Structure formats: structure tokens, C-alpha cells
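K.L.:
Those protein sequence lines, which keep their order, are chains D and A. Its first residue numbered 419, the first sequence is counted upward by one per residue in my numbering. Its first residue numbered 419, the second sequence is counted upward by one per residue in my numbering.
Just so you know, the hints here were simulated from the structure itself, not pulled from any lab data. Misleading hints may appear alongside valid ones.
Identical chains share a label here; the pair holds if one copy fits it or two copies do between them.
Computed list of lysine to any residue pairs in SDA-like fashion (alpha-carbon distance at most 20 Å, straight line) [claimed, not checked]: (1) K551 - V569; (2) K656 - C646; (3) K656 - R458; (4) K656 - G535; (5) K656 - G545; (6) K543 - C646; (7) K543 - P607; (8) K551 - S563.
Because the structure is a prediction, the values reported are computed rather than measured.
Listed here are the chains, written in short residue letters.
There are 2 protein chains.
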Amino acid sequence: MFDSGFGGLTVLRELIARIPGANFVYTGDTARLPYGAKSRATVARYATEAASFLVDQGAEFLVIACNTASALALDEICDAVTVPVLGVVEPGAAEAAAHSATRECIVLATSATVESGAYAKACEKLGVRALEKACPLLVPLVEESWTDHPVARQVAQIYLDDAFHAASGQGMNPDTIVLGCTHYPLLRPLLAELAPPNTRIVDSAESVAQRVAEAFPATSTGTAGSDCSFFATDSVAKFRTLGERFLGRSIPSVQLVDLGG
Amino acid sequence: MFDSGFGGLTVLRELIARIPGANFVYTGDTARLPYGAKSRATVARYATEAASFLVDQGAEFLVIACNTASALALDEICDAVTVPVLGVVEPGAAEAAAHSATRECIVLATSATVESGAYAKACEKLGVRALEKACPLLVPLVEESWTDHPVARQVAQIYLDDAFHAASGQGMNPDTIVLGCTHYPLLRPLLAELAPPNTRIVDSAESVAQRVAEAFPATSTGTAGSDCSFFATDSVAKFRTLGERFLGRSIPSVQLVDLGG
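Next comes chain D alone, as it looks inside the complex:
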């Protein structure tokens, strides 16, 4: 698994629960994060470096847990490695399509993901119309641990109001919100509370975990525990501390890796 930082650990948490026999290698590019406001060329370069590193580590299946990298650079990553690659955008869109009655959804994501239009394209292929809303303050709020703070409440309400107002202005009636960034699941209770009643919230982490579990039926021995290795490009101490909040369990050791910058 690869992510720009810690957010992908929400995906890993789901994977560990669903594929108990599998071994996981997680790499967070913490020295160069965040990706959410960077260009396609830069994100593609970083993501392909990380993907090649993971394959060198023996990865047989690559999960791009970072929405921005999935949205901007999935083709480049697939070209760079010979193992199967799964991003988070298409599974997230599929989950929205599976549940939306109105066939219209809101996607909350980083600026770069929104600018790429990747979620809108993936949804459109599945007959769902998506309105994408950039929410650049949500990641810093999560990293400040203000997930249930009055400021987070106010910011989330502003973004949701903007998104639903824009959707309404386009004659849309969205009944589903896709969390298009791996930091956002930590804000899910708040978003659920502030969204219009009966809005379904779709977390890409769950959809991706389901998809990976389907690809690995044989490894689900049911009894063996998973072995997890963690690599980070910046401070391993910080990765352990902050990462445990996202993973929901302790991270005994992290190795420092240089991906080329």
C-alpha cells in the first residue's frame, strides 16, 4: 500500500480486518506530503517512485490508498510496475453507484483530485452524476486533531453548504457523499451529522478493502495474523505517533526510506 502520508492507514485498517492472512507493506511519503495541491507531473513522479519501491519490497498487489495519486497518476503507476494496481477512485465511485437512488452524488476531495475530474469521470461511467467539491482545510483540521471542534464543524458546514448549493443550482439532488480523501473518515461522524437527512456517506477505504479481499480469496486463512511493515520518508517517530490515530492500533516499528528526494 502507498499513500502520501498517514491517511491510507484508514484503508489498511479495513484491509487487515478483511484479509487476516495477508502480509502488508505500507509506505507513507511523509517527507513530501501533502500531494493534494501539487501538480500531476510531480504527483506522478512521487507515486511511481513509491510504487517501484514497494514492488522491490516484494509486493504482489499494489493499493494506491492516496486519492490524489489515484486520481492524477494511476495510469503512470500501472505503466511503472508489473503487478496489479488498485486505486481508490474507481471503487469509491462504484460504491456510490451501488447505493445512490437519485444517481447523483457529492464528492469531497483535495483541490488536485477535484481539478483532475477523476471521480466525476468514474461516476459518469457508472451512470452517476458527481459534483466534486475541494475541501483544502479538512486535512489540516484532521492533522490538528480538531475532528470534533467548533472550527471543524463550521468549516465542514461551509463546504457542505457550498457543495449542495452548487448541486442544486445544476438541478441535482444528491443523496450520497463520497469521502474522496483518506483523511476524511476521521470526520465522518461530523459530516454525517451536518449533511442533509438521509444522505449516505461512502468511504473509499471500505470499498477498496472489499475489492482487495475479493482479489485475495486464497490468503484468507482465517487463523494466521497479518504481518505489517511500515516505511516513511520523514520522521519515523512522528509516523508512529500520528499513524496510530489513523490505524486504530499500535505501530511497533517504522523504517526510514529515501524514495529519491
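Take the given structure of chain D and dock chain A to it, following the hints.
P.N.:
Just chain A now, with coordinates in the frame of chain D:
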């Protein structure tokens, strides 16, 4: 001049005004920003790469306009190049010392700058006691252009209350606030409004510009205009657009540079 991104352009703006005959080369490490939550080792590596690049470009005097790089890596940068190097921490502390009547100040800065304790040490040398307050949401708020937004007002008030409350708890009576991050000058009107009455706000950008102007008396011809070159490690289009807000004038062209990652 070097900064992790655009914030250092507030320093360049001051420099252009004070040293009209000088030529400036500015490098923003936009592909790897922000530095404010990264480790000393990573920030030192990035900053020395940028410093060497600028000297290769012909720089005769290096201004580290990034507070985080100045706080964490000034020694490493000085070791890496043979030209004079000026960071923003010491001039900011000197400005506070020149004006504080109570000899006590608040420093608002990134988490990494605060953890380094660099401002407190620099102030202590000048007989001023500093309370440093990490304000991780201020940079994202500036980058969202919410500099006069109710959310920015609320966040700034929380940080200021926390800082003045902590100072009071230590028996301090600060009369000066040091803006220890180059993004913060864009929030100066808001901070001035929310701070206790008669609090002086010190902007490192002004102090650094004054210090550089003193080092370059001969180049102040008074009539010749300054020639400015800009380099960025990520999207040059985005650098132009966002950078103009910080510089306060148009940026006709930006060149892409790879500093090694």
C-alpha cells in the same frame, strides 16, 4: 532567496522596496512544501539542496526566507555554501528585542519551528523571554485565501488566547507578537485586531529586509530597477498565480527546477 514555497515572497517584496538596484533569484520548493511539520533531517536536506542551487545560479548572498528552514537548518546551510547566509529567526528576535518594553513576547510559528525552540533561544540571547505558539492552521487558511474569514478570525482568536493564557500562567506580560512564519503577514490586520490593545506585531520580513539592505549599501543605486528570477520545484503556473498574492506584483515567468526529488 529561498523558501519552501510562496511565503518568502513577502520578504522579497520588502527587499525590492529597500534595495532597488539588486538582482534577486528566488527559489520556492513547492513540490515538497510545507516544511512546517517535517523533521530537522528532512528540512536540512531540502534547504541545503536549494542553497547549493542558488549559489550555482550566482547568488552572492543567501536569504533563507523560510522560518522553518532558518530555525531547523541554518547551521547546515551555512556549512553547505561559501557565501554569507541570513535566516529570518535572528532578525525577527532582534526586532522584538528592539521594541519590547516588558522584554517578553509571543512567537507564532509552525510546529517544527516551535519544537526547535530557535526563536526562544535567539530572544533569550537578547534579553527577551519568548513564548512560542504553534499555529498549524494559519498556513492552510492563508492558502485558502480565508485571511479575513470568520473561520480565520475564530482560529486566530483561539491561538492568541492559548498563547496569552499560557504566557500569563508563566507570569509573563508579553507586549509584542513575532510573526514567525512568512505566511502570517497576510493575517497581520486580523491578528492586530484580535490581539490585546497596544500589542506590537513584528514581521520578520521587514527586519530581514532591513538587515540585507545594510549589507548591500553599494548596490542601492536608486535608479536601476531590480531584476528578479523565479524558480519553483512544482507547477510554475500555480507559482505565478499564488505567488503574485504574496509578492504584491506580477510574476512574468517562473522556471521549473529539480532539486533532487
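K.L.:
Could you run down the list of hints and mark each one as holding or not?
P.N.:
For each hint, the structure was consulted:
no.	hint	verdict
1	K551 - V569	both (19 Å within a copy, 18 Å between copies)
2	K656 - C646	within (18 Å within a copy, 38 Å between copies)
3	K656 - R458	between (27 Å within a copy, 12 Å between copies)
4	K656 - G535	between (32 Å within a copy, 18 Å between copies)
5	K656 - G545	neither (42 Å within a copy, 33 Å between copies)
6	K543 - C646	neither (35 Å within a copy, 47 Å between copies)
7	K543 - P607	neither (29 Å within a copy, 48 Å between copies)
8	K551 - S563	between (22 Å within a copy, 16 Å between copies)
Violation of the numbered hints given earlier is confined to hints 5, 6, 7; the remaining hints are satisfied by the structure.
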